[in-house]
Structure formats: C-alpha cells, structure tokens
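Positions in the sequence shown are counted from 1; adding 103 to them yields our numbering.
Keep in mind that the hints were calculated from the coordinates and are not lab data.
Watch out, some of these pointers could steer you wrong.
Stated by the list, open to error - Have a look at the derived ranges for each label pair, beta carbon to beta carbon:
no., residue 1, residue 2, range
1, E146, I284, 35 to 43 Å
2, V128, V277, 41 to 49 Å
3, T312, G276, 31 to 39 Å
4, L305, V227, 19 to 27 Å
5, T312, R216, 33 to 41 Å
6, K449, R368, 37 to 45 Å
Ideal Cβ placement from N, Cα and C applies to all residues, glycine included.
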Amino acid sequence: MGAYILRRLLLIIPTLLGIMVLNFVIIQFAPGGPVEQILFQLEHGSEGSGATERFTGTGDGVQGTSSSASDAQGSYRGSQGLEQELKDELTKQFGLDRPIHERFFLMLWNYARFDFGESFFRSVSVIDLIVEKMPVSISLGLWTTLIAYMVSIPLGIAKAVRDGSRFDAISSGVIVAAYAIPSFLFAVVLLVLFAGGSYWQLFPLRGLTSENWEDLSLVGKVIDYLWHIVLPVSAMMISGFATLTLLTRNSFLDEIRKQYVITARAKGLSERGVLYGHVFRNAMLIVIAGFPGAFLGAFFAGALIVETVFSLDGLGLLGFESVVSRDYPVVLGTLYIFGLMGLVVKLLSDLMYVWIDPRIDFERREG
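Whenever a hint applies, use it, and build me the whole structure from the sequences.
As structure tokens, this is what we get:
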C-alpha cells in the first residue's frame, strides 16, 4: 500500500503542472488584463474603486499605494486619451513586461514554496485572502454533505426495499428531475420565491449573518446562522442528494440479491434483522467511503456558483470578483489550491475504501 500511496503522491506533481499550464495559457489569451481594467477605471473617473486604490506588482517587488493611484489618475485625466507612459508603468508594476515563459517559471517556483504573491488590487497576500474566505466555503460544503447524507441514505434504503413499487417509481422521477436542475438556476428560483424577489420574504437575501450579529446571544447567533444558510445549502444539495440517493439504492439492491442474504432469510431472521444486521454494513461501504469526494463536490459547487448568487463572502465570490477584475495572482492561486485539494481528497477517498474494506487492494489491481 505504501508504494501505491507514493505513486499517487508523485502523480500529483505532473497533474498540478498540467492544470497550471492550461490556466496560465488561457489567462494570456483572455481579453482585457489588469492594466486595461485600471485604465478603464481612470478613463471613466471611478474614484475609490478597487482597481485604483492599490497597485501591487509581483515582478520587481514594486508596490504603489492609494496615493500613487490618485497621482496616476490625476495625470491620466489631464492627458488626451490613453498615455503610453502610464500603460508602460502599470505593465512593469504588475510584472507583465517580462517574457511569458519567464513569468510562468517564476510562478511555478513561487507556487512550489506556497508563495502566491499579493493581490493586484488589495493590500493583502493571496494566501491570507484564501485563508480568510475558506471557512465560509468549508462550512457550506460540510452542511450540504451532512444533510445530503441524512436525507439520501434513508430514502435510498426505502427505495431499495420497495424496489419496483409506486413509491420507487415516483421518487425516482423526482430524483431525476432534481438532478437535472442546475444549482445556480435552483438558487435563483429560491431567491425569487423566498427571499423577497416577487413572493415571500422568509429568508435573508445575502450573507451568512445579520447586521446585529454581535448583539445576539449565543442561541440567537446559532439561529441566525442557520436561518441564513437554509437557501444556499438547499441550492447546493439538490444534485448531490439525487446522486447519493441512487447510489445508496443500487448498493443495497446489489447486496440484497446476494447469497448470504438468502441464507440469512432461510435461517428465519426477520427482514429488519437481515437488512440492518447484514446488508447495511456491506452496502454502506461505498457510500461512506465516498464522503470526502461528496464534500469536495459540494465545496466546489458552493464556491463556484452558489456563493456568487447569494453574495456569500467565500472562495467562490472571491474567485468571481478576481476573474472580473483580472486579478491574476488571486485567480491562479485559488485554482492551484482547488486543484491540489481535489487531488489530495481523491487519494483520501481511495484510502478510505481500503480502511473500510480491507479486501480492496489497489496495488494488486494495478499489477
């Protein structure tokens, strides 16, 4: 098993390299870089915007404060059109004047040391931004995964026991329909229906806490937090709940049809004793072992879609704003973290299979 783990860990390196190459190349061809974003803000006189409050260049370590931004803005307004001198200054400040290959290898060297540089438009390092926003995404992912398991496992067992019945057929139709609904579309529908869009104002429109959060008691804070996460978690679990329910159902059906179940019934055990004394333990192996992967799927779904819809201050909203503003260090840094987390969690999922069922041997399968 040690050799298998070592091979998987070594495979993370070329996989991450491929991810970063692809993302870096896409960014180079994306129209409108950070320099163009700042010049656009200056041209339209958007004072106080994030693009003009701070410039941070990772190439030569040159940093400008809000005063330098104001000076640049003033000089720009006094000119006719886009001054090439200002554009060259910003390009050098961001380190974009270097050749592409030099910037790429410098990025790889820094990322290997977990040095993601600083945000172009914020006075904070990328790693601090990620650490600050990650608790929101992790909490949403955990709640989504736990609730999905609490709903899907009993429902999957009930469908397996009633295989072929009207309940099984109707619930399968509902599950397939739920799986076909995109998370972002369901999130918008929930906002319109229950967050004051056009019908009822039952839940808050955005955020995870109310404005008077600090003034609430401990019980009040818990209730307020749970009140805020109802709609985001519901939107995130819609497709994961469907997948997990069908997985549980099929796993139980496979076990119910095996010979040891027939033998247990022949010995006079009740259906409940057979189901929970023999079938449950074996059927739940694949379901429980898939928990890390299910959490990662919920984590990504919330980070990339739902947080933006509900204006939740997590990694998803951070990534969306960074893409819009062309904050390349934040974009590439978050993609690197996501890629690394995905590869590590995938390895943990495989190891959990082995831990739950020692009969599984990945080394023998590879051989």
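Tested hints:
no., hint, in the structure
1, E146 <-> I284: 35 to 43 Å, "holds (42 Å)"
2, V128 <-> V277: 41 to 49 Å, "holds (43 Å)"
3, T312 <-> G276: 31 to 39 Å, "holds (38 Å)"
4, L305 <-> V227: 19 to 27 Å, "violated (36 Å)"
5, T312 <-> R216: 33 to 41 Å, "holds (35 Å)"
6, K449 <-> R368: 37 to 45 Å, "holds (38 Å)"
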